[in-house]
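Peer 1: Read off the chains here:
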Amino acid sequence: MPGIWTILRVTLREGIRRRLLLALGGLSLVGVLITAWGYAELPNLPGGRGATGLETDQLQLIASQLLILVMFMFSFVLALAAVFAAAPSVAGELETGEMVAVLARPVPRRSVLLGKWLALAIVVVVYALGATALEFAAVLITTGYHPPHPIEASLYLAGEGLVTLALAMALSTRVPPVTAGIIAMLLFGIAWVGGVVGGIGAAFGDPVVGQLGTVTRIVLPTDGLWRGAIFSLEPGSMVLAGAAAGPQIAAFPFYASAPPPLVYLAWSLIWVAGMLAIAVVSFERRDL
Amino acid sequence: MAATSPVVEFHALTKRYGRTTALDDLDLQVDRGEVFGLLGANGAGKTTAVKVLLGLTRPTSGGGSLLGMPFGDPESRRRVGYLPELFRYQGWLTGGEVLRLHAELSGLAPERWAEEIDTVLATADLRTRADDRVSTYSKGMQQRLGLAVALLGRPEVVVLDEPSTALDPLGRHELRGTIRGLRELGTTVILNSHQLTEVEQVCDRVAIIHLGRLLAVGALSDLLVAGGIRLRAIGLSPAAEDELARAGEGGLERDGPWLIVRGATEEQIPELVEMIVRSGGRVYGVELMHPTLEDRFRQLLGSA
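Those protein sequence lines, which keep their order, are chains A and B. FYI, the numbering used here numbers position 54 of the first sequence as 54, with every residue one higher than the one before it. FYI, the numbering used here numbers position 230 of the second sequence as 230, with every residue one higher than the one before it.
Worth double-checking, as some hints may not be accurate.
Here are the simulated EDC-like pairs of lysine to aspartate or glutamate, each with C-alpha atoms no more than 20 angstroms apart in a straight line [unchecked claim]:
1) B/Lys139 with A/Glu95
2) B/Lys139 with A/Glu98
3) B/Lys139 with B/Glu97
4) B/Lys139 with B/Glu85
5) B/Lys139 with B/Asp125
6) B/Lys139 with B/Asp168
Here are some chain A residues the structure puts well away from chain B; computed CB gaps all over 10 angstroms [to be verified]:
7) Pro2
8) Thr6
9) Ile62
10) Phe72
11) Pro88
12) Gly97
13) Ala104
14) Val219
15) Ser237
16) Ala244
17) Ile249
18) Pro253
19) Val263
Stretch by stretch, here's where chain A covers chain B in the computed footprint (C-beta under 8 angstroms, at least three residues) [as the list claims (entries may be wrong)]:
20) 71 to 82
21) 86 to 93
22) 99 to 109
Just so you know, the hints here were simulated from the structure itself, not pulled from any lab data. Computed from a predicted structure; not experimentally measured. Backbone N, C-alpha and C fix where the C-beta goes; we use that ideal spot for every residue, glycine too.
The following block holds chain B by itself, in its conformation from the complex:
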């Protein structure tokens, strides 16, 4: 397989549960070695997409491939690690035994088990608890165990479905470091999340899904909406508003009592304030806005 060949491909994939459409004609591809974010609100269809690619759920129509094999082929899952959204592991096993079970099920050569298990236990910061039963683990530790299970055997593709829901801030920071480390190793990561900052900080490309439909896909830099200047001002004439709209590359937006001059830079702040004051308006607040995915996300969901 060529180094640039897609690792995951969805072709016109539709999944319906009764009258509910979870995925609607999804066309998507994830390339080798990238950290790909699937972004969407709760119920957008992110988990369904992941379950279809892992063969846990069958599509209503359409299809696709994982590592060149059709969805549902058990062999396609040999080089894939998965942390489910609903992470639960056998409470009557120890953490080490859960990893051993998964090493065995994944077809990993027995002589590699000890080393691989030790490596992922260290990554998940669970070495000291490896011999304790999972039933004694906190929720965060269980999610870290899920991460260790997903990383076992150095898979080519790692699918993380909402991987930080039970983690504390330090755990989230470490998770981001782990994902960046995977990218450096050339591992493809599919990250399902509704946490925009998480996606922003680690993903190379992002797909935004809403009600099962793909709204946008592209490199993170292409999807980020330009930042701007937020101004809280009153008494603006329509002419002054037109002038402000022309000052930024992205026009003028309203956000409650605030005006957003999209695309305007920090250097333009004095000029914008002067513009308002000159037209008879009064300025009560000024903020510099950084480019965010959140704005893009809200724009897309608003238009959908």
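Isolated chain A, as found in the complex:
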């Protein structure tokens, strides 16, 4: 695809020159430091100091739950960054006119679109892996807790970012930047709430409400991948306790009883590829 690497490089350069990467990296580092301070204070909580083995378990359980909450924050930041980087990348440049001069070159539109997506995908993946690695290091150093599947957790978060990125990019080929951003964020939020409501349905034995979560996870795989991240971060004791608690535990939004099946991961990949294909067709058919 001629031009794809040129567009990729120039998009990355734009991220650097416009200080997007600096803001993302710098503020995330601040977030990690603040949470590290919080973790470090955990052993000083009343009843925590001089803990026996049981108390150490408690500490690790609390640390794991806090880690999941912090990761939820990172997944939200990741989705937000992906949406607000992707939404103006096509629509914004079409509005200002920057895109016209580029598309008048012997470059297929799919090269422009996919070049931009790939550049932002690199940012999303590097950010997801970097921010989570720092957070895992912080929690390990301060509390001694290490999640059972850290790499998988990071990859699930990166996957969530890539799904959001593809969605925002597709919307950006047809609707103005602000609208594309708002639609993508709303869908991200609806998918998460759909998962929570589905969990409540499963907990209280209502199959119709329970199905809602399944449907939203298929329509937009962000929540399904987030559940994978939760499972990767939970200590074994939490999973066992959850299983012993019965079906009602499904109502708890920060608990996952199992990782997403392989077929779901395959579906997520197909979903991203399909959304990019839709974005390409939509962009190629658009009159400028």
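Chain B: place on chain A using the hints.
Peer 2: For chain B alone, coordinates are given in the frame of chain A:
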């Protein structure tokens, strides 16, 4: 490809946006090496025609070719330079970096980049600002950068869509010189403009478009309406008006209080004044009119 083969051809090209017809059954051809003017009022369809030929917009029906390839084929744009009407370049890049980006995208051999970029920077008078970010450029400088982008790599066809809207008088003069220089190099130039004097001064052939329809096309000399003599006179009898109408080759026209004896020459001025005075009329003013495209343009738009 033969030296005289058309560089651009539109065949029965129609473009509609909803219920608005931007181009209506356009048949047009631009030959190699000519400076071709697309002339029309705002909203006439000039920019749509250019966007269709560059593959930026798809026609509703009909089609055409650019350098022998169908519209929309990315390869057809390899030897084309384009300055859009809405010129905007990446503000976070320097002027030199914008040109480098376009050199890369146009498929220019990397060993030619430095020389080509330096040449077009000189043409656009931007050499001293090449290392400054585009966001610091004035509007006129951004339009000159757009011209530099369009000329990069010595393209066979240069499409300039309203290229002087942000330029000062000196910049416009230099632009006309650049276009004439391109003609001398054998480059085909398509100039979209609603500035008649600009088109008059540089174009070999002109097409006049109105509401998406082609009203006239031809060599500039064929389209220019003959000049004439403008007279401000009162008290003319119908017989004297008939006599005046016969004096010029193009008949008699009225323009407010003025009469225009179309086709009359400077040598006829005393004779025309005498004619009016003899018939009992009084003359308050006389002007010699040069042949202009504007008159032709107004005539065509008036009849359309």
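Peer 1: Decide, hint by hint, whether the structure agrees.
Peer 2: Hints, one by one, checked against the model:
The hinted pair formed by lysine 139 of chain B and glutamate 95 of chain A meets the criterion: a straight-line CA distance of about 17 angstroms does not exceed 20 angstroms. The suggested pairing of lysine 139 of chain B with glutamate 98 of chain A holds, with an alpha-carbon distance near 14 angstroms, which does not exceed 20 angstroms. Only pairs whose Cα atoms come within 20 angstroms are accepted, and lysine 139 of chain B paired with glutamate 97 of chain B is accepted, the gap being roughly 18 angstroms. Restraint check for lysine 139 of chain B and glutamate 85 of chain B: satisfied, since their Cα atoms lie roughly 12 angstroms apart, inside the 20 angstroms limit.
In summary, the hint linking lysine 139 of chain B to aspartate 125 of chain B is supported, as the alpha carbons are separated by about 14 angstroms, within the 20 angstroms threshold. The hinted pair formed by lysine 139 of chain B and aspartate 168 of chain B meets the criterion: a straight-line CA distance of about 10 angstroms does not exceed 20 angstroms. Some Cβ of chain B comes within 10 angstroms of the Cβ of proline 2 of chain A; the nearest lies about 7 angstroms off, and the non-interface call is violated. Against the 10 angstroms criterion, threonine 6 of chain A falls within the reach of chain B, whose nearest CB is about 5 angstroms from its own CB.
With a minimum CB-CB distance of about 45 angstroms to chain B, isoleucine 62 of chain A clears the 10 angstroms threshold, and the non-interface call stands. Every C-beta of chain B lies more than 10 angstroms from that of phenylalanine 72 of chain A, the closest at about 33 angstroms, which supports listing it as non-interface. For proline 88 of chain A, the shortest C-beta to C-beta distance to chain B comes to about 13 angstroms, beyond the 10 angstroms cut-off, and the non-interface label holds. A beta-carbon of chain B comes within 10 angstroms of the beta-carbon of glycine 97 of chain A; the shortest separation is about 4 angstroms.
With a least beta-carbon separation of about 4 angstroms from chain B, alanine 104 of chain A fails to lie farther than 10 angstroms from that chain, contradicting its non-interface assignment. Separation of valine 219 of chain A from chain B is adequate, the least Cβ-Cβ distance of about 31 angstroms exceeding the 10 angstroms criterion. Serine 237 of chain A, annotated as away from the interface, keeps every beta carbon of chain B farther than 10 angstroms; the closest lies near 51 angstroms. Even its closest Cβ contact with chain B, about 56 angstroms, leaves alanine 244 of chain A beyond 10 angstroms, as expected for a residue assigned away from the interface.
Chain B leaves isoleucine 249 of chain A outside its interface by the beta-carbon criterion, the shortest separation being 50 angstroms against a cut-off of 10 angstroms. Non-interface call for proline 253 of chain A relative to chain B: holds, since the shortest CB-CB distance, roughly 40 angstroms, exceeds 10 angstroms. Separation of valine 263 of chain A from chain B is adequate, the least Cβ-Cβ distance of about 38 angstroms exceeding the 10 angstroms criterion. With 7 residues bearing a CB less than 8 angstroms from a CB of chain A, the region 71 to 82 of chain B meets the requirement of three and the coverage assertion stands.
Residues of the region 86 to 93 of chain B with a Cβ under 8 angstroms from some Cβ of chain A number 7, which satisfies the need for three, so the listed coverage holds. Only residues whose beta carbon comes within less than 8 angstroms of a beta carbon in chain A count, and the region 99 to 109 of chain B has 6; three or more means the coverage holds.
Going through the hint list in order, the structure does not satisfy hints 7, 8, 12, 13.
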